[in-house]
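Undergrad: First to last, the protein sequences are chains Y and G. Counting from 1, one number per residue, gives the positions in the first sequence under this note's numbering. Counting from 338, one number per residue, gives the positions in the second sequence under this note's numbering.
One or more hints might be untrue.
Stated by the list, open to error - Sample of chain Y residues with no beta-carbon within 12 angstroms of chain G, all distances over it, derived:
1) L6
2) I16
3) T22
4) Y57
5) Y65
6) P89
7) G127
8) K147
9) P166
10) T167
11) Q202
12) F251
13) I262
14) S326
Said to hold, decoys possible - Listed next, with one range per pair, are the computed distances between beta-carbon atoms:
15) A508(G) to D58(Y): 17 to 25 angstroms
16) I330(Y) to S559(G): 42 to 50 angstroms
17) A512(G) to V10(Y): 36 to 44 angstroms
18) L122(Y) to N558(G): 51 to 59 angstroms
19) A511(G) to E83(Y): 31 to 39 angstroms
20) S388(G) to F194(Y): 37 to 45 angstroms
21) V371(G) to A241(Y): 34 to 42 angstroms
22) D399(G) to I330(Y): 34 to 42 angstroms
23) V485(G) to I187(Y): 42 to 50 angstroms
If you are wondering where the hints come from, they were derived from the structure by calculation, not from laboratory data. Quantities reported herein were computed from a predicted structural model and do not represent experimental measurements. Glycine included, each C-beta is placed from N, C-alpha and C at the ideal position.
Single-letter residue listing:
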Amino acid sequence: MFYYILRRLVSVVAMIFLITATTFAIFYASPIDPARYTCGKNCTPTILEGNRKALGYDQPVIVQYGKFVSGLFVGRDFPDNEELRQQYPQQVVHCPAPCLGYSPTQHRTINEMVAEAWPISLSIAIGAFILWMLIGVGGGIIAALNKGRWPDRSIVGAALVGFSLPTFFVGLVLLTFPAIKWGWVPIPSYVPFFENPIKWAQNLILPWITLAFFFAASYVRLTRAYMIETLSEDYIRTANAKGVARGKVIFRHGLRAALTPIVTAAGLDLGGLLGGAIITESVFSMHGLGYLAVHSVTYMDLPTIVAMVMIVSTFYVIANMLVDISYGFIDPRVKVS
Amino acid sequence: MADSTAVEARDGAVPIAGRTPWQITRARLTRDKVTMVALGAAIFFILLALSAPLMIQAGWIDPYTAHSDLVGGLGSMPIGPAGGVSWAHPMGVEPGTGRDIFSRVIAGLTVSLIVATSAVLLSAVLGTVIGIISGTAGGRIDWFFSRVIDFVLSFPQTLMLIALSTIVIDALQAAMNTDRTVPSMVFMILVMGFFGWPYFARILRGQVLSLKEREFIEAANSLGASRTRIYFTELLPHLWAPILVYSTLIMPQNIATEAALGFLGVGIQPPTPSFGSILNDSVHYATSDPAYFMFPGITLFLVVLSFNLLGDGLRDALDPKADRQ
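So that you can see chain G by itself, here it is in the shape it has in the complex (with noise of 0.2 angstroms):
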């Protein structure tokens, strides 16, 4: 730590060294062995996620073709162990079609990782922006969107994404002119996103409650400082912390909605790859191929849990209140 201000030691004892937060936290993290763990596997989800549409250019892997010589017999079974396991298909193939599901699930990862994301987006905008003016303004204004906060918290959250669906899917639809892909992304980023702005305000709003009688703001305010100023130069930064951790927490809770919303067949449809269109899809042979849902179930459940486990990390991490060691 060469750019850490060392106090100058007498008598030979340790000197104390002092340390940025963010030289605290990065000293925090790089010990916590599973949260490293889990943010490689994050990495490795969104790396995966990113190239997957290079990967079916070069034809490393090919979501989309059927193989009908894979699949055989009675309702069309794929034939081999497991739900037809080969080399060239690790998690076997759908029933039916003969589609390799590998392909699909990386496919899938895409799509479901880009929805939560934007939707994660979308709420941590909105819910800063309202946090802050919430918390800064007070009064009449604070009041106002507190209430509005617990209206949007007490409606039923999966009942109105399953309502809307139709309407709005159809709305988009008939706007923008293309098959029900696009629309019904766009459907899930709005909606998830929408519904999960509250939780970012809230939390938002006590960190500037408390951070607006400090006297680096009461110093911004006599200078003179506008009001844009000391929301986005004095404020935000002290606010990194918390909206980083909630992202992280509510990206799997976004990812997890979908894949449930698309078990209800809701949201994305096949033959657009998600967790949710292809967990779908795989109940019709929960029975007679459970090798269809075990395998992208599992891979939904590592990439939930490894954005889980990054987020309870990053937050012991980054408490102030935690021990400094």
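Isolated chain Y, as found in the complex (with noise of 0.2 angstroms):
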């Protein structure tokens, strides 16, 4: 299990590097001109060589990429050019370890921006995950118990009906209806949990609601597809026949077995999430990292682009990695080697 663990975050960290050297290649050696970029309206050649020389522009692409690996574990220092660094020595700035780089955009560092938009898709993640695991699960168990019988349709239907409405759509609906013209909800910004929960529950239900919707759906699909499958094995039957409790038998019995599939599409799901929910995010303005990325991309800010397609394809690896691992602890069939 120890073994298989290492070798499993062994590949992880190879994948992750992969996938920045690639991201870095893409937008770093592409016939685009990066420097251009961080330049207004009003550039000059000046500005955009002074530019080019404080971001390491000027330098090849392999060594900005080792500049940035090794920033991630022993931190870096910008503008990214010895000779300015001593020129204007009180415009320093560290950027301690993991060092994701430096903003020309917002002229502060990856981390900072990072640090300030994470705690809201956080927040957005955890909220929406809570509410599409009890509305997907649960109405996934009642479908499979009723069968073919109308609580069975409704909730079959109602799954498919969310998992066809696109999720800006849903989000634009909710934000225009409800919140401004009816009042129902304040219009959502965020509000930090320790400073007043209640307030960050009401501000971010709209956007759990919005990803619960969609994400509730295919988790109806899939407990209902299992749950009735299993249901239908000769050990239920046994259980039934001796009289073991009916809680205990859907739930001990039956939801067992479909548990394996339900935590592989939640780990992924949530640790996608957790890099932010682009659509979301934007529809509602909350400024987390999905916010974040879709900001970088309008200004074309490479090096954040660079650390946010890091920062997601990290979650999403590593929690692939947790599912796979997990397999060994939910399902004692599966001996993990």
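Put the complex together from the two separate chains, hints included.
TA: Right, dumping it as structure tokens:
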């Protein structure tokens, strides 16, 4: 087990480096001039060259990537040029490890930006996750127990509707009607949890519902399918026949078999969301990681784009690993080797 | 079923009729009312999309003409109920320009369906070829392609789509020397197609792995059939069902992705109508004229829903494990 986890960790790290290297290659080695995007409308060749030097864009791509990787472990100083640092010591910004880079459009380290945005994305992801797991798994169980009857049909129908409604459309409808037009809930703006938990939840309820709407649908289908299959097994009939309580049969015996696929999907979905919900955050103007990503793309802030790709894929790859490792605990039949 | 082989019935028992998999599928599909309705709706939307250019030529729909007489007041809002709905303009008119939303939605359907279908085709072809090669070759080639699949799937797809759009569309525009319409469509097709193939490859690899142990492949091998023959003449006919099912299931995802990216201002840009570009424009009027995003949004939902239902129905009908009734 120990060696298995170690091996998975090594492959996770390798995968993250491969992804960042590819991202670097795509954006820094492409025919576009990255310095051009750091220079606004009143761009003069002097400013352009100054920015290029300060950001280190004049160095070969491989050197820039090397600096990015070493920055992750030991931190970096900006501007990325020894001469400039000595010339303007008061402008030097230190970026401690793990340094994600320096944003030329926001004039601060990406670590600072991520530290600001991450609690928002985390709040959105956790709340939505709890909501969709309750609705999705609960709905799936109810549907499976009533297979073919009206509760099943209506739940399955609702799931298909939820699955087919585009997230941004749901978000836009929720923002326009309950929040702006009818004033039932505040127009979402982030309030930190430790400042006021009630306001925190009130402000996040619409983003949660928006995300849960879409995700719950696939969990209903997943749970229902596995529960129906399991409930027709002989050991369920045996458990029922020997008088095991109905609740125990459903949760202990029935749901247990559906646990592996549910954990797989839940781990990957949550891992994907922790890196920011791009669409939902954009609809509600919540300045989380997803919004940061879109913002960095709009302004072609290359260091931030690379950092965001790395953060999102890191969450995904780690979630993938944790899901694989958890199989050994959930299902005793799985021998991890 | 005249062409099915009937086993001679003895003692007046009901004759057992052998049915081909296609007959079973068709019988199942025609009994599944929801799927039949979804199929009808999907065909309707496809026909509508195909005929949109003709309808524009005939003057039945007009997505580009501005009607300044239909908008007025502060911010040039549409005059009339629900965003200016009338017999001439069943979904109302755009705020500002007064263009007919119904016509724009139909014209947008054409662009969205062309992009989504082409991306599905690209994913399916790439995924099928790589899946078959990976499954039959095994060993190092299989290991390599499996890692490539893991790698592509680990990339944050939405983020990459957004991040690459400016660079790739700029490059395509320079290469093609046109406005941004065609380059942005090509970009959406290429990138959505590229991120879609691993799903096909995974599923087909699995199918091929079990198929290649079957006797007919062994027979073909021992008769000295070439690799190409085994891939395309022997294996491919068994793979049409999963290819068809996953194409139908990925299609609505692509339509929704194009719309979502358009909503973020990426991809196909106004004035070319597509679900994405229409909804992107309507966001600016979300509070003052909610009908402007409701009508295209609901249409988009119906298109996605019909393809999702069709995909589900096809999967159930083609599943060899399901009961043969």
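Undergrad: Verify that the Cβ of I16(Y) lies farther than 12 angstroms from every Cβ atom of chain G, and report whether the claim holds or is violated.
TA: Violated, because the least Cβ-Cβ distance between I16(Y) and chain G comes to about 9 angstroms, which does not exceed 12 angstroms.
Undergrad: S326(Y): least C-beta distance to chain G exceeds 12 angstroms?
TA: holds, 18 angstroms
Undergrad: Do the beta carbons of A511(G) and E83(Y) sit within 31 to 39 angstroms of each other?
TA: holds, 35 angstroms
Undergrad: Minimum C-beta separation from Y65(Y) to chain G exceeding 12 angstroms: can you confirm that?
TA: For Y65(Y), whose nearest Cβ neighbour in chain G is about 17 angstroms away, the distance exceeds 12 angstroms, so it holds.
Undergrad: Taking the shortest Cβ-to-Cβ distance between Y57(Y) and chain G, state whether it exceeds 12 angstroms.
TA: At about 15 angstroms from chain G, Y57(Y) clears the 12 angstroms cut-off, so the statement holds.
Undergrad: In terms of Cβ atoms, is chain G entirely out of 12 angstroms range of T22(Y)?
TA: violated, 8 angstroms
Undergrad: Is the Cβ of P166(Y) farther than 12 angstroms from every Cβ of chain G?
TA: Given that some Cβ of chain G is not farther than 12 angstroms from that of P166(Y), nearest at about 5 angstroms, it is violated.
Undergrad: Just tell me: holds or violated, for the beta carbon distance of L122(Y) and N558(G) against 51 to 59 angstroms?
TA: About 55 angstroms separates the Cβ atoms of L122(Y) and N558(G), which means 51 to 59 angstroms holds.
Undergrad: Range first: 34 to 42 angstroms. Now tell me if the beta carbons of D399(G) and I330(Y) are that far apart.
TA: violated, 59 angstroms
Undergrad: For the range 17 to 25 angstroms, tell me whether the beta carbons of A508(G) and D58(Y) fit it or not.
TA: holds, 22 angstroms
Undergrad: Okay, I330(Y) versus S559(G) on CB: inside 42 to 50 angstroms?
TA: holds, 44 angstroms
Undergrad: With d taken as the least Cβ-Cβ distance between T167(Y) and chain G, does d exceed 12 angstroms?
TA: Answer for T167(Y): violated, closest chain G Cβ roughly 7 angstroms.
In this structure, the hints that do not hold are numbers 2, 3, 9, 10, 20 and 22, in rising order.
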